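Student: Working from the sequences, and respecting the hints, build out all of it.
Chains as they are written, first to last, in the working numbering: chain P, 1 to 264; chain A, 1001 to 1264; chain L, 2001 to 2264; chain W, 3001 to 3264; chain X, 4001 to 4264; chain G, 5001 to 5264.
Treat the hints as calculated values from the structure; they're not laboratory data. Treat the hints loosely; a few may be bogus.
The list that follows gives simulated cross-link-like pairs (lysine to any residue, SDA-like), each with its CA atoms no further than 25 Å apart [claimed, not checked]:
id: 1; chain 1: P; residue 1: Lys253; chain 2: L; residue 2: Arg2199
id: 2; chain 1: L; residue 1: Lys2253; chain 2: P; residue 2: Lys253
id: 3; chain 1: A; residue 1: Lys1253; chain 2: L; residue 2: Arg2199
id: 4; chain 1: P; residue 1: Lys253; chain 2: X; residue 2: Gly4111
id: 5; chain 1: P; residue 1: Lys253; chain 2: P; residue 2: Trp241
id: 6; chain 1: X; residue 1: Lys4253; chain 2: W; residue 2: Arg3264
id: 7; chain 1: L; residue 1: Lys2253; chain 2: A; residue 2: Asp1081
id: 8; chain 1: P; residue 1: Lys253; chain 2: X; residue 2: Arg4199
id: 9; chain 1: P; residue 1: Lys253; chain 2: G; residue 2: Glu5183
id: 10; chain 1: X; residue 1: Lys4253; chain 2: P; residue 2: Val195
id: 11; chain 1: A; residue 1: Lys1253; chain 2: A; residue 2: Glu1240
id: 12; chain 1: W; residue 1: Lys3253; chain 2: G; residue 2: Asn5095
id: 13; chain 1: A; residue 1: Lys1253; chain 2: W; residue 2: Arg3264
id: 14; chain 1: G; residue 1: Lys5253; chain 2: W; residue 2: Asn3095
id: 15; chain 1: G; residue 1: Lys5253; chain 2: L; residue 2: Gln2006
id: 16; chain 1: P; residue 1: Lys253; chain 2: X; residue 2: Val4195
id: 17; chain 1: L; residue 1: Lys2253; chain 2: P; residue 2: Gly12
id: 18; chain 1: P; residue 1: Lys253; chain 2: X; residue 2: Asn4095
id: 19; chain 1: A; residue 1: Lys1253; chain 2: L; residue 2: Val2195
id: 20; chain 1: W; residue 1: Lys3253; chain 2: X; residue 2: Arg4199
id: 21; chain 1: X; residue 1: Lys4253; chain 2: A; residue 2: Glu1240
id: 22; chain 1: X; residue 1: Lys4253; chain 2: A; residue 2: Gln1006
id: 23; chain 1: G; residue 1: Lys5253; chain 2: L; residue 2: Asp2102
id: 24; chain 1: X; residue 1: Lys4253; chain 2: P; residue 2: Arg199
id: 25; chain 1: W; residue 1: Lys3253; chain 2: X; residue 2: Ala4016
id: 26; chain 1: L; residue 1: Lys2253; chain 2: L; residue 2: Asn2243
Keep in mind it's a predicted model, so treat the numbers as computed, not measured.
Protein chains: 6
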Amino acid sequence: MYLADQTWPDLGEYVANESLAVVPLGSTEQHGPHLPLATDHLIAEHLAREAADRAEVLCTPTVNVGVSPHHRQFHGTMWVDPPAFRDYVESLSRNLSYHGIDRIIFVNAHGGNIVHLREVGRRLRDDGVAYALEWMWNDSIPDLVDDLFEHNGPHGGPKETAMIQYIAPELVHEAEFERARDEGVVDLTEIEMVVHGSRTFYDAIDNTESGVLGDQTDATPEKGEQLFEAASDQLVQLIEWLNDQPLDALMAKPHVDPQPGSGR
Amino acid sequence: MYLADQTWPDLGEYVANESLAVVPLGSTEQHGPHLPLATDHLIAEHLAREAADRAEVLCTPTVNVGVSPHHRQFHGTMWVDPPAFRDYVESLSRNLSYHGIDRIIFVNAHGGNIVHLREVGRRLRDDGVAYALEWMWNDSIPDLVDDLFEHNGPHGGPKETAMIQYIAPELVHEAEFERARDEGVVDLTEIEMVVHGSRTFYDAIDNTESGVLGDQTDATPEKGEQLFEAASDQLVQLIEWLNDQPLDALMAKPHVDPQPGSGR
Amino acid sequence: MYLADQTWPDLGEYVANESLAVVPLGSTEQHGPHLPLATDHLIAEHLAREAADRAEVLCTPTVNVGVSPHHRQFHGTMWVDPPAFRDYVESLSRNLSYHGIDRIIFVNAHGGNIVHLREVGRRLRDDGVAYALEWMWNDSIPDLVDDLFEHNGPHGGPKETAMIQYIAPELVHEAEFERARDEGVVDLTEIEMVVHGSRTFYDAIDNTESGVLGDQTDATPEKGEQLFEAASDQLVQLIEWLNDQPLDALMAKPHVDPQPGSGR
Amino acid sequence: MYLADQTWPDLGEYVANESLAVVPLGSTEQHGPHLPLATDHLIAEHLAREAADRAEVLCTPTVNVGVSPHHRQFHGTMWVDPPAFRDYVESLSRNLSYHGIDRIIFVNAHGGNIVHLREVGRRLRDDGVAYALEWMWNDSIPDLVDDLFEHNGPHGGPKETAMIQYIAPELVHEAEFERARDEGVVDLTEIEMVVHGSRTFYDAIDNTESGVLGDQTDATPEKGEQLFEAASDQLVQLIEWLNDQPLDALMAKPHVDPQPGSGR
Amino acid sequence: MYLADQTWPDLGEYVANESLAVVPLGSTEQHGPHLPLATDHLIAEHLAREAADRAEVLCTPTVNVGVSPHHRQFHGTMWVDPPAFRDYVESLSRNLSYHGIDRIIFVNAHGGNIVHLREVGRRLRDDGVAYALEWMWNDSIPDLVDDLFEHNGPHGGPKETAMIQYIAPELVHEAEFERARDEGVVDLTEIEMVVHGSRTFYDAIDNTESGVLGDQTDATPEKGEQLFEAASDQLVQLIEWLNDQPLDALMAKPHVDPQPGSGR
Amino acid sequence: MYLADQTWPDLGEYVANESLAVVPLGSTEQHGPHLPLATDHLIAEHLAREAADRAEVLCTPTVNVGVSPHHRQFHGTMWVDPPAFRDYVESLSRNLSYHGIDRIIFVNAHGGNIVHLREVGRRLRDDGVAYALEWMWNDSIPDLVDDLFEHNGPHGGPKETAMIQYIAPELVHEAEFERARDEGVVDLTEIEMVVHGSRTFYDAIDNTESGVLGDQTDATPEKGEQLFEAASDQLVQLIEWLNDQPLDALMAKPHVDPQPGSGR
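Tutor: What follows is the structure in structure tokens.
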């Protein structure tokens, strides 16, 4: 159920009986010469809506702009600085608890958001407000991703390309696949991203001229559909798992024994 | 031109030659028993995209959740606290300037965002980063709004109802128009909102049981279309006006004479 | 009763029995060539003290410097940035609650403070700390203001001029009234302050050379006395109204039915 | 010259030629059963105005509420938390620099403000904005204070009592002098304020029942006048000294030799 | 060269000619029943000092307490909340640049600090202040770690155990190795840490009773020495690599062509 | 007992039965040509460990970098800005309370930290979290310091010199004692630090070329030992005193009578 399409009386039953919400988050950032800047927020939104509908839980509107300073050198990349992003998402999530929401899934399609969503999740959990999970779609189907593509690329690669071919084919420039690949990095092992154990790069432009990684020519809408179905299915199962947990089992455990001050 | 649909190379020409962006912002909050919670962000998004396309300027994705604590007692209302909202919008706007954007129109459809967008606008202007305008659609066509409706209501009234009837008719519950009206406040003069000059209410629920104001039965899709066309037209003209101003004329004027320290 | 003139034992009875405080706030900013920079804080202070004395409630010292960046181009205008202003007033108000104050009237005479005082008021109310009202003197007597002056001007106009003529006549430069008017804006309809529905100006200097608006030559001390008496009277009534409300009726209402989680 | 009494054109010459402002700051806090809560801000304001007039420099309005949580247990004490106080004063001071003010004297009469004003001063100086001095009146005339009173008391003692007897005699309750002394602490050596080198108390109430220290019966208006004249005189001299310094001599010195990077 | 052992004149030559500093950071948190809470900061400090000495660069004192809320249920774990940790490290690093330091290596031995140090690094780099690298010792020698231990465990496992056996053998409780292993998790594949692609645990205690992971009985001081030597060597090479880079090559690249505004 | 040397099970008994922790804090800043930058944190650490061991209480690791912007012009001085320092120490202290610690002694050896530690202490106490004391070693033995040295100097003088001669003699450059003295300030009365009651200097370099004050040639290791023993002894007594106080006696007293609202 998509929250924003409802009227407030429509939501009365849900608020009374349920306690879970799905919040899609993405980015608006360059994805090479072949994919739209919307790529990440489109993926997050479509997966979140699909799974929420199947699982009959609430899905909120999408947070479209995320933490993407590392793509800023490419035209049009939008971003919010990390402290502002965290505080915005925390405030939005904390206020959901006013309606009885105490478990949240951040459906995320942008790697740059992960650590910030985990940090927000900790704030909410350590304060006893809610239990929030960060879920990144491709992390739920690693084997399928590996099976489908030889060089899947962590950004703008064939897995994201295939997804957009399936979700929003009109936004994909297939004629640019070769340029994306040839001016990018096909195989991550080709580039020096770690020097003596330290990740030395900060920006995508440090490594790739086209802005992307992997072999885009390997993508097809059919593979996109496979990815979409498999990831949606994982998300539905995660929602059901989360709904089945007692709240106690989700929130922070107490201090180990002996308890502080117990002997005084 | 909708930024998020473009690839980064698509935007090269714009970035090189243009300097204006339109940013839609709304809310996700109760709009009575007849309208979806999406009402404000739908209106902002549709007007912004339409006018940006006509005027051939860049439109960003929408900020869907705004400052709506005053509607929180009604199911499903989402909100972000003012400092987090301001910082998020400021960061997003400030970072647009990295691509040469120095004039921004915040296309807004939620009254509760106005003062915060003005404050963000001041920060950007006083720092010399950009000149940003807050534009609220109904403020651009006050006479038409008055002509079309007897009791237009500042929230969830016939003007917003008509707009959604035109933009997203499938989300409107016409069967609930009478309830919206009868459990709300038709005529604002009926209620005591100001006591001896002081606005005493903080929340919508302080005044209205249905969450809305005005007479919703007065709304039609045709009136919605009129509003949409008229407001889009105003926004196109505003974009053109803003594009025509020299930057100097927009940014802060210098200190009056005698200049500080000039006599030393 | 003026708090700062009392010793702490003098206040014991008040603290035990009462729960209301009046806090005057103004600005220190240019008010044209004819009025002192103190104009706003003088008005706020005099009205607050007068009404508090008549109503036998506590009045605190005045916050003399407010949010006035829009007047900064004129010599001597002082201001505090909005986040610092809000936090200062919030802290001051929150700490009053330590003495049992749970209802506050911000007696305000500066338009630029309004939205910030409302925001502080919401913080206090939503946290359950206190119920605070923003009261702007001229908003309490709109008809009288309209009756007395043809062009009353929202800043440095005849209504503020008359007030200072009555409160602090020695600070008024009557010889400058004509200059104030002629280098300012008599009739607001003359100037373009809103373009296609958007307020385009940020600073007073964008519109007026003298810094002020309205026709100052229309002011007299007698009119000032009328304004002062009428506004004081309104404030006394507001104090009495506020004192008469049960705290429950002032603080935030609960979530509508069904209550979150009630069905679980 | 008192800034707030001027019109903006009145200040043109000052702004063009001068660069110093005096900012009075105090507190609104309990000063025993015999002195008003205004004590500190009255003293700061009177000294600042007097000295600024004599030295022909600009004096701003007074910041009336300071950092006084340590007096909060006594009725009516107002306070602002340190971060909010520092940010308010910093913002106010930083914005004065817009008018060419690059040297500021914080005329302070409340011990609890000292460290915060020093911290604000450092922020301004290290940023190259202005050079600000904290000046506490009694620190300028330590010998006179010692000569006039046997037990001068750091808070609400005879030195502050005498000052208020001179400045605002109508606010002094002479009949309460004995109670102030007898329920307070006459001689600081009587009380244990430091345990093994550590200051163990946080609040005035930890040490004194009347809220004050010293022997109040030793105060007279004549002594108050002596103090006032002597302190004003010191402040005038400080203003002149500060005005005479080249800005270079006031602002931060460069890094010692060899300069960082000089050998590269 | 250890900064804190030097006098300021001792550092003159370094400040003039060099621009690199090594900053060790760790944590003070439970490491099972067999290792001291100091484990991470000891490792960071010893590696940083050793490598800095060999490479003849500056090493600062250690930041001993890091971001460890996930270990808080175990006695004695200390931690600092992420915003405070980031701001502390940022301030410390930013201020190093006052002495000409424009490249920093954060020598880190605590996984929970990584993302925060990367975020600080971005702040410094995007502001043009300095280029900072996060270096985690075991990430520099992954093959050796894998070769030495069958179950190396990400926390309190044999690799950390061996390191402390070498660095500070007197702090290791060998008699507790078996308990550490048996009440912990030997093989990470045994536990469900990821549910349908989402990391569901927040705290160590969610997975392990002893607080640790891996097989501690596999650790020996000799292996510790091997790890120490190999990691030190990597760090020396990283320092040399970093020192050899031109600053330009380290700092952020410019916006891609066409440059913003270039066509105007 | 040094916390960081323990395993978590080792601390079970302490956590159950005790409630006090000692936290050493210093600085890393220039101490003249004869003493290491570590001076302050070495002193704090050695005293804290010694006294905690004798008194059988818990000592945490040391915070090595403090608030030292006033020494920044001298090579190598490290510092953290005050807000970041306060928040770091507050977070660290607040989180100790998770283990039942409700009384803390900040063992401090740097004057520049004092006011910030007092402010952190107030935050903790006013929130009811813990009672924290700031203890500066030389303030506990003022008479001994005066007896041992003619010109003890508040920074880098003979008292600190003697302490380091005793604690870490290998770091003392005795050959530089004369330079320290001759290029510094032997007798504080020689320099103008206060002008008409106002402290005019911000940085050490404003007064001293060598960075230090006092007569360093007066220091000996034997005097250092005397100081160390005497100060340790004071600290042990302070720990015992603090442990003996009921928590009630340490935390904030209630509001004086009549209680707020008691008469309603």
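Student: Would you check the hint for A:Lys1253 and L:Arg2199, treating anything up to 25 Å between C-alpha atoms as holding?
Tutor: Since the Cα atoms of A:Lys1253 and L:Arg2199 sit roughly 17 Å apart, the hinted pair holds (cutoff 25 Å).
Student: Taking 25 Å as the top limit, are the C-alpha atoms of X:Lys4253 and P:Val195 close enough?
Tutor: holds (19 Å)
Student: Can the restraint linking L:Lys2253 and P:Gly12 be considered satisfied, given a maximum Cα separation of 25 Å?
Tutor: holds (17 Å)
Student: Holds or violated: L:Lys2253 with A:Asp1081, Cα cutoff 25 Å?
Tutor: holds (19 Å)
Student: Can the restraint linking X:Lys4253 and A:Gln1006 be considered satisfied, given a maximum Cα separation of 25 Å?
Tutor: The hint holds at about 23 Å.
Student: Is the Cα-Cα distance between X:Lys4253 and W:Arg3264 25 Å or less?
Tutor: Holds, because 23 Å separates the two Cα atoms, which is no more than 25 Å.
Student: Take the C-alpha atoms of A:Lys1253 and L:Val2195, compute the straight-line distance between them, and say whether it is at most 25 Å.
Tutor: holds (19 Å)
Student: Within a Cα-Cα threshold of 25 Å, do G:Lys5253 and L:Gln2006 meet the stated pairing?
Tutor: holds (23 Å)
Student: For the pair we were handed, P:Lys253 and G:Glu5183, check the Cα-Cα distance against 25 Å.
Tutor: violated (60 Å)
Student: Compare the distance between the alpha carbons of P:Lys253 and X:Val4195 with 25 Å, and conclude whether the hinted pair is satisfied.
Tutor: OK: P:Lys253 and X:Val4195 at ~19 Å, within 25 Å.
Student: Holds or violated: G:Lys5253 with W:Asn3095, Cα cutoff 25 Å?
Tutor: violated (39 Å)
Student: Does the structure keep X:Lys4253 and A:Glu1240 at a Cα separation of 25 Å or less?
Tutor: violated (34 Å)
Against the hints set out earlier in the document, violations occur for numbers 1, 2, 9, 12, 13, 14, 18, 20 and 21.
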